[in-house]
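Colleague: Could you build all of it, start to finish, from the sequences and the hints given here?
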Amino acid sequence: MAKLVLKFESTVLKEVPVGGRPVMIGRAPDNDIPIDNLAVSNYHARVYTEAGRLVVEDLDSLNGTFVNDLRIERTTLRDGDSILIGKHHIVVDEAHEAAVPLDTGRKVSAPKVDETMVLDTRERRQMLQAALAAGERSQLAPSRLRVPTLAVLRGRTNQNEYVISSKLTVIGSSEMATIRLRGWFAPEVAAQINKRDDGYYLGRAEIIPKVNGQEILGPTRLNDGDLIEVLPGWLFGIGQVRLNFLFRD
Amino acid sequence: MGIEIGARTDVGRIRSNNEDSYRVVAPLNLFVLSDGMGGESHGEVASALAVEIVATHCREASNNVAAPFYGESKPLLSEKTNRLASAVHLANRKIREAAQEDPARRGMGATILAAWMDGPRLSLVHVGDSRAYLLRAGELEQLTSDHSLVAEQVRRGLLTPQQADASEMQSVLIRALGTDAEVEIDADEHVLVDGDIVLLCSDGLTRMVTDPEIASTLLTHSSAQAAADRMVELANEYGGEDNATVIVVRIHQESDGLFSYLRRWMRRSPAPTAEGKGK
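Heads up: the sequence lines are chains A and B, in that order.
For the first sequence, this note's numbering gives the first residue as 647, with consecutive numbering after it.
For the second sequence, this note's numbering gives the first residue as 159, with consecutive numbering after it.
It should be emphasised that the hints constitute simulated quantities derived from the structure, not laboratory data.
Given the structure is predicted, the values throughout are model-derived calculations rather than measurements.
Glycine included, each C-beta is placed from N, C-alpha and C at the ideal position.
It is possible that part of the hints are untrue.
Claimed, not checked - One side of the interface only, derived from the structure: several residues of chain B facing chain A at Cβ under 8 Å: (1) I161; (2) E162; (3) S199; (4) L235; (5) R294; (6) E299; (7) G315; (8) V330; (9) A334; (10) T337; (11) D346; (12) E347; (13) H348.
Unchecked claim - Derived BS3-like pairs: lysine-lysine, alpha-carbon spacing no greater than 27 Å straight-line: (14) K653(A) to K733(A); (15) K813(A) to K841(A); (16) K813(A) to K856(A); (17) K856(A) to K841(A); (18) K733(A) to K252(B); (19) K841(A) to K252(B).
Modeller: See below:
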């Protein structure tokens, strides 16, 4: 499991593992990482896991949350990243991450209910109630109803802006693509965006797109303001296609 | 778009009857799989009904656009995806009716997983814990989320995936066909590209064989049928505790001339570094 290491100057003050539940950081004493400093808001920021990635989110703090010296609203974290809150640093340590069991060995045979069964509505409600109570805290606050859009920052496409209005949005030169790329060398199906219950996910098709400069490693949830590079282009950026994912009110 | 199909079902090493059913409707590029439940032979009845009804309804709809529609049509989804969901609503009703006709059949139910390809578009609907995977560029992605109690607990952060794999509650489903008058269906769409492999399977495979093994089996077998056979063999070698069914669909883009060839050639990234970044 990854951990967060709270430091003041070079002194380690506290180590907190981060896993299932968000780690709260702030001045109030009931935070997981309390920081007693007037520059720190009561509930300043939190760190949580999202689709296997650590994410830090600023909770509208007065003085802001900085990652590697850049002020952030929300960003994914990597091993060694330093979160600055007030004058305290919180360093991300994923080195202690338990090795992902990439066991090609056989699965552990589990003791189990012999026959497949389905819960009826009442049982299901009861069994999920407990889950709900514990899990609710880790859910993201529901945001206002806003319209997901893709704005074209660079590149030749059939429109300048698109509203994402279906389950599947295809980016490519193919006739079935919603975001139609023009140009001889544009791939037919470059990438896709899938709407899921918890957001919009960008996935590769013929190419591996980049989000905020990083090649995606699998379907990646898009956050408001993300920059998507669909095609890298050649010399002087010819053929480059860049999009901006935005929620519009 | 050319496709190559392999399919295989097996009773396993423990059970005496096979409650899984599947159907490949090649002319429609429609693939349906179901895992039945309920004592005696009722699971077999339920899963057979499920695949039969889904296949028939889709065939009717593809011949007749005005075929009756069940459930609610969603504007977010394509016509094909809506049609698949309609088929699953119908299957749910029919299985429930069959279960209510005969008191001995109480508790009869089934999972359903159906994939319908329309050119490069893949429509996918499911209820229960039968899974669809996509192998693309060497990476295996699970396209469906299980409607099981343990999977729900993982989603809510109460169990780790490892704990879920070892749980004795793995067989407890929170959604299935035939148990309620109305069923909530997960529907999704994907776009397929050259070289993709789509795998549909029942939990008899995924409880026995790990995702990395599934990926390597798909990658190392040149024919879809050989990969399907090998995966079922693996499930049996590891104990074969449940019926295992797999459908493997490999996508081959039909070459469409010089430009698509040139495009592919120009996009050849320095493959070792690009691929090496993955898991």
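Colleague: I'd like to know which numbered hints this structure contradicts. Please list them from smallest to largest.
Modeller: Hints 1, 2, 3, 18 and 19 contradicted; others consistent.
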